[in-house]
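Engineer: Using the sequences plus the hints, can you model the full thing?
2 protein chains.
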Amino acid sequence: MVASKALFYAVAVVAVVLGDALAASEISQVKIWPMPASVSYGDARLYLTSDFGLSSDSESQILKDAFNRMLAVIKQDHVIDADFSAFNRSSLLQGLHIVVSSPDEQLQYGTDESYKLMVPSPEKPGYAHLEAKTVYGALHGLQTFSQLCYFSIGRRVLEVNMSPWTIIDQPRFPFRGLLIDTSRHYLPMAVIKKVIDSMSYAKLNVLHWHIVDTQSFPLEIPSYPKLWDGAYSLSERYSAADAAEVSALLTTATAENHFFWLCFSCEQLKRHRMNESQAYQYFVLRAQKIALSHGYEIVNWEETFNDFGSKLSRKTVVHNWLGGGVAQRVVESGLRCIVSNQDKWYLDHLDTPWEEFYQNEPLTNITNPKQQKLVIGGEVCMWGETVDGSDIEQTIWPRAAAAAERLWTPYDKLAKNPREVTGRLANFRCLLNERGVAAAPLAGNGRDAPFGPGSCYKQ
Amino acid sequence: MVASKALFYAVAVVAVVLGDALAASEISQVKIWPMPASVSYGDARLYLTSDFGLSSDSESQILKDAFNRMLAVIKQDHVIDADFSAFNRSSLLQGLHIVVSSPDEQLQYGTDESYKLMVPSPEKPGYAHLEAKTVYGALHGLQTFSQLCYFSIGRRVLEVNMSPWTIIDQPRFPFRGLLIDTSRHYLPMAVIKKVIDSMSYAKLNVLHWHIVDTQSFPLEIPSYPKLWDGAYSLSERYSAADAAEVSALLTTATAENHFFWLCFSCEQLKRHRMNESQAYQYFVLRAQKIALSHGYEIVNWEETFNDFGSKLSRKTVVHNWLGGGVAQRVVESGLRCIVSNQDKWYLDHLDTPWEEFYQNEPLTNITNPKQQKLVIGGEVCMWGETVDGSDIEQTIWPRAAAAAERLWTPYDKLAKNPREVTGRLANFRCLLNERGVAAAPLAGNGRDAPFGPGSCYKQ
Numbered sequence: 015m016v017a018s019k020a021l022f023y024a025v026a027v028v029a030v031v032l033g034d035a036l037a038a039s040e041i042s043q044v045k046i047w048p049m050p051a052s053v054s055y056g057d058a059r060l061y062l063t064s065d066f067g068l069s070s071d072s073e074s075q076i077l078k079d080a081f082n083r084m085l086a087v088i089k090q091d092h093v094i095d096a097d098f099s100a101f102n103r104s105s106l107l108q109g110l111h112i113v114v115s116s117p118d119e120q121l122q123y124g125t126d127e128s129y130k131l132m133v134p135s136p137e138k139p140g141y142a143h144l145e146a147k148t149v150y151g152a153l154h155g156l157q158t159f160s161q162l163c164y165f166s167i168g169r170r171v172l173e174v175n176m177s178p179w180t181i182i183d184q185p186r187f188p189f190r191g192l193l194i195d196t197s198r199h200y201l202p203m204a205v206i207k208k209v210i211d212s213m214s215y216a217k218l219n220v221l222h223w224h225i226v227d228t229q230s231f232p233l234e235i236p237s238y239p240k241l242w243d244g245a246y247s248l249s250e251r252y253s254a255a256d257a258a259e260v261s262a263l264l265t266t267a268t269a270e271n272h273f274f275w276l277c278f279s280c281e282q283l284k285r286h287r288m289n290e291s292q293a294y295q296y297f298v299l300r301a302q303k304i305a306l307s308h309g310y311e312i313v314n315w316e317e318t319f320n321d322f323g324s325k326l327s328r329k330t331v332v333h334n335w336l337g338g339g340v341a342q343r344v345v346e347s348g349l350r351c352i353v354s355n356q357d358k359w360y361l362d363h364l365d366t367p368w369e370e371f372y373q374n375e376p377l378t379n380i381t382n383p384k385q386q387k388l389v390i391g392g393e394v395c396m397w398g399e400t401v402d403g404s405d406i407e408q409t410i411w412p413r414a415a416a417a418a419e420r421l422w423t424p425y426d427k428l429a430k431n432p433r434e435v436t437g438r439l440a441n442f443r444c445l446l447n448e449r450g451v452a453a454a455p456l457a458g459n460g461r462d463a464p465f466g467p468g469s470c471y472k473q
Numbered sequence: 015m016v017a018s019k020a021l022f023y024a025v026a027v028v029a030v031v032l033g034d035a036l037a038a039s040e041i042s043q044v045k046i047w048p049m050p051a052s053v054s055y056g057d058a059r060l061y062l063t064s065d066f067g068l069s070s071d072s073e074s075q076i077l078k079d080a081f082n083r084m085l086a087v088i089k090q091d092h093v094i095d096a097d098f099s100a101f102n103r104s105s106l107l108q109g110l111h112i113v114v115s116s117p118d119e120q121l122q123y124g125t126d127e128s129y130k131l132m133v134p135s136p137e138k139p140g141y142a143h144l145e146a147k148t149v150y151g152a153l154h155g156l157q158t159f160s161q162l163c164y165f166s167i168g169r170r171v172l173e174v175n176m177s178p179w180t181i182i183d184q185p186r187f188p189f190r191g192l193l194i195d196t197s198r199h200y201l202p203m204a205v206i207k208k209v210i211d212s213m214s215y216a217k218l219n220v221l222h223w224h225i226v227d228t229q230s231f232p233l234e235i236p237s238y239p240k241l242w243d244g245a246y247s248l249s250e251r252y253s254a255a256d257a258a259e260v261s262a263l264l265t266t267a268t269a270e271n272h273f274f275w276l277c278f279s280c281e282q283l284k285r286h287r288m289n290e291s292q293a294y295q296y297f298v299l300r301a302q303k304i305a306l307s308h309g310y311e312i313v314n315w316e317e318t319f320n321d322f323g324s325k326l327s328r329k330t331v332v333h334n335w336l337g338g339g340v341a342q343r344v345v346e347s348g349l350r351c352i353v354s355n356q357d358k359w360y361l362d363h364l365d366t367p368w369e370e371f372y373q374n375e376p377l378t379n380i381t382n383p384k385q386q387k388l389v390i391g392g393e394v395c396m397w398g399e400t401v402d403g404s405d406i407e408q409t410i411w412p413r414a415a416a417a418a419e420r421l422w423t424p425y426d427k428l429a430k431n432p433r434e435v436t437g438r439l440a441n442f443r444c445l446l447n448e449r450g451v452a453a454a455p456l457a458g459n460g461r462d463a464p465f466g467p468g469s470c471y472k473q
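Just so you know, the protein sequences line up as chains A and B, in that order.
Take any residue in the first sequence, note its place counting from 1, add 14, and you have its number in this note's numbering.
Take any residue in the second sequence, note its place counting from 1, add 14, and you have its number in this note's numbering.
Careful, some of the hints might be misleading.
Below 16 Å or equal to it, Euclidean Cα-Cα: the simulated EDC-like pairs (lysine to aspartate or glutamate) are [to be verified]:
{"id": "1", "chain 1": "B", "residue 1": "K207", "chain 2": "A", "residue 2": "D91"}
{"id": "2", "chain 1": "A", "residue 1": "K89", "chain 2": "B", "residue 2": "D256"}
{"id": "3", "chain 1": "B", "residue 1": "K207", "chain 2": "B", "residue 2": "E259"}
{"id": "4", "chain 1": "B", "residue 1": "K207", "chain 2": "B", "residue 2": "E137"}
{"id": "5", "chain 1": "A", "residue 1": "K147", "chain 2": "A", "residue 2": "E173"}
{"id": "6", "chain 1": "A", "residue 1": "K207", "chain 2": "B", "residue 2": "D91"}
{"id": "7", "chain 1": "A", "residue 1": "K89", "chain 2": "B", "residue 2": "E311"}
{"id": "8", "chain 1": "B", "residue 1": "K147", "chain 2": "B", "residue 2": "E137"}
{"id": "9", "chain 1": "B", "residue 1": "K89", "chain 2": "A", "residue 2": "D118"}
{"id": "10", "chain 1": "B", "residue 1": "K329", "chain 2": "B", "residue 2": "E311"}
Ranges of calculated distance between the beta carbons of each label pair, as one might list FRET restraints [said to hold, decoys possible]:
{"id": "11", "chain 1": "A", "residue 1": "A86", "chain 2": "B", "residue 2": "E73", "range": "19 to 29 Å"}
{"id": "12", "chain 1": "A", "residue 1": "G56", "chain 2": "B", "residue 2": "D357", "range": "36 to 46 Å"}
{"id": "13", "chain 1": "B", "residue 1": "T228", "chain 2": "A", "residue 2": "S99", "range": "35 to 45 Å"}
{"id": "14", "chain 1": "A", "residue 1": "D243", "chain 2": "B", "residue 2": "V113", "range": "42 to 52 Å"}
{"id": "15", "chain 1": "B", "residue 1": "Q75", "chain 2": "A", "residue 2": "D71", "range": "32 to 42 Å"}
{"id": "16", "chain 1": "B", "residue 1": "D79", "chain 2": "A", "residue 2": "N82", "range": "50 to 60 Å"}
Simulated from the structure, these hints should not be mistaken for laboratory data.
All residues carry an ideal CB built from backbone N, CA and C; glycine is no exception.
Structural biologist: Listed below in structure tokens is the structure:
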């Protein structure tokens, strides 16, 4: 059993079917997920050189780190040892040239996320060209570029097929969120960071970290150091520094305020002569004022709108979850809205298949353009009752990706029938698997195992 | 929604239970998995300095890489920013001193895997001390050291509790395997590499890569370049270089020979005037001779032993799978055996709980010490019919870990009742989650989701 040699097995059960399923169509269609706003392509093939690098006037560390992550990801842990002398020099890509017009890396709601990607560059044919107004637009462009790259095992080289590519892209909605819940089950830091990486592959840009709830309080609050005694265990906690680090990784971070019942004991209710709903209203309106005075944006779950909507600050964003039709009423009242109707966009509803995630239209019955603009986006919710570090990835993916395309891609380019995009979404889920993300098969309910032997692209 | 600020939610459903479940016992028991041969410990606490490093006369790159991987793993992606001026200097560990007595890094069946770990070093108290005959023993010692390290979120520092530790350790069986199957479903390279990392955490040392079978042939064979046309798709393939890289990552690699039906068409059977079973026997015996002439070890699935055992080479290792009792007959006949009885050690049998994996004793009814030595170990088998990149980790773990302890730990130290080790195995599965490995809860069948909210340590 020398390592350079091998154990030698013999069995009698092999009858290999040759030549099955290897189709050229695999590399002759636009496979990008989510589909960009505008795509044109050709039929040429380019090859990335072994020292394919970043070329940019920008000194942005965010950009450099993202480029290096992208390079690691597209190699998919394969051995890349092509014989480049065999390739035509004019078909080689030596690098990606990136132009970012604004040096401002301040990130806020409404930050420009558009980009333009050309492969190869019309001016420097040995390079790909990416331009964006902000570094965050460039990050999306890098994700798209990564999906143009295909590792050819036969040639042991990274290829870009169907070039020349010109992709002009920007999101339909500015708020494209995923909720994770660390109260019902603690999620290790490594798991949260992996979720964030995978969100970026689908161009989701808001992590809504539902850190605490009734079941556990894993977060350190330095000014109230006993709160995190409510964690499940000593290990199942996040320091304030951990939380700050997660939020530094994010395009946009959200945090919830869950202190209502901590602030209002039943004793206090009596003292203030309020019943529970009065106290709740008092708390919410007071908290709104405090938050606004500190320059925060405020988002309230829809109960506040349903119960005392007219009293809410006009700056409130109402977060829908109870069902459809709420967004319509919210924007008619002039407030902004985030769509998360539980019948379609709750990932813990395992019997909601990806097709329903795909078809959930945030602007249903909202035709007035001014009102349409008040729907700032949507969020898929991964509530944690049956989700921990063992199964969160395949409960989120690929269904969250279906919603991500709904939120990114222009309405006119969305498939009317989800079957039209089954193959492309299957491709994206296999891409996630290749990147080490445990995205489940498309067939079946949420997080079903593959039903039997077969190709990733058909399951 | 500036990143440095946050969205601000208000909801009305929070009533946190304070002080629940935080038990000091979490850090006052031996939690190492698999349990070492000999362990002694004390009650002192040591702290790893922020520049905790490797100190060794060895120039081994294998050792340096493993040390760096270990350091990354124990940090578990937390922010580590302890104020070291607050600690007593005598309680600080500045590094790990490693002594490897043999410079020989040739790896083969029977390579010494023993190690001795002392924390702190009796001679240099500011260091931990690890010694081993081979670098591979030292790797196991690093895994054990990693499990002594505990990240204290309260103090934001890596601690070693219950020191001084003295651990003297070696495996009970030299062959501790895991089979993966890339014929029923392709497994991306990133997934295979992650499986290998996770195997090392449980001190499993043999990856049995069942690369090809009836359903698909994903492997490049340069001398027969059409074979991998039998892959599911162009992407679902491994180049010969990929396979060589995987085998370079391994402690011991195995490869199977599945060419029987390719070599023997029905035409050929007629021409040779053999029926199928005659042809199979001819093939196996011929392949044995060829393999032996090239210096390979040979392992045959048990059918060969059951059908024509007396004709097999005396060097054959018989791989049991059909059921119990086979190992006994194999070693009575003087051949060596690997135990994988499907009723207990097939991971694709989802209704076999971890307790049965733990209790499966390879030496059942084998009392003669000479015969006992012929049982070289065992292997848990992750057949791939319903396993792909989405669910392989939680189908393997934690059940493979239960078998790993059976194969590593001295018989007398194994729990007679698996309930005695439930807490320690739960701890190991949470450790895997913290390291980004999607190990499933202990409760329920293989890869069941957590049944409801709760602590990782209790599910």
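Engineer: Against the range 35 to 45 Å, how does the distance between the Cβ atoms of T228 (chain B) and S99 (chain A) compare: consistent or not?
Structural biologist: With Cβ atoms ~39 Å apart, the hint holds.
Engineer: Take the C-alpha atoms of K147 (chain B) and E137 (chain B), compute the straight-line distance between them, and say whether it is at most 16 Å.
Structural biologist: violated, 20 Å
Engineer: So the hint says 19 to 29 Å: do the beta-carbon atoms of A86 (chain A) and E73 (chain B) match that?
Structural biologist: holds, 28 Å
Engineer: Is K207 (chain B) within 16 Å of E259 (chain B), Cα to Cα?
Structural biologist: Holds: K207 (chain B) and E259 (chain B) sit about 10 Å apart, inside 16 Å.
Engineer: Regarding D79 (chain B) and N82 (chain A), is the given constraint of 50 to 60 Å on their beta-carbon distance met?
Structural biologist: violated, 20 Å
Engineer: Would you mind confirming whether the straight-line C-alpha gap from K207 (chain B) to D91 (chain A) stays at or under 16 Å?
Structural biologist: holds, 8 Å
Engineer: Using the Cβ atoms, figure out if G56 (chain A) sits within 36 to 46 Å of D357 (chain B).
Structural biologist: With Cβ atoms ~58 Å apart, the hint is violated.
Engineer: Is K329 (chain B) close enough to E311 (chain B), meaning Cα to Cα at most 16 Å?
Structural biologist: holds, 8 Å
Engineer: So the hint says 42 to 52 Å: do the beta-carbon atoms of D243 (chain A) and V113 (chain B) match that?
Structural biologist: holds, 43 Å
Engineer: With the threshold set at 16 Å, check whether the alpha-carbon distance from K207 (chain B) to E137 (chain B) stays at or below it.
Structural biologist: violated, 38 Å
Engineer: Keeping to a limit of 16 Å between CA atoms, is the pair of K89 (chain A) and D256 (chain B) held or broken?
Structural biologist: holds, 12 Å
Engineer: Given the hinted pair K207 (chain A) and D91 (chain B), is their Cα-Cα distance within 16 Å?
Structural biologist: holds, 8 Å
When each numbered hint is compared with the structure, violations occur for hints 4, 5, 7, 8, 9, 12 and 16.
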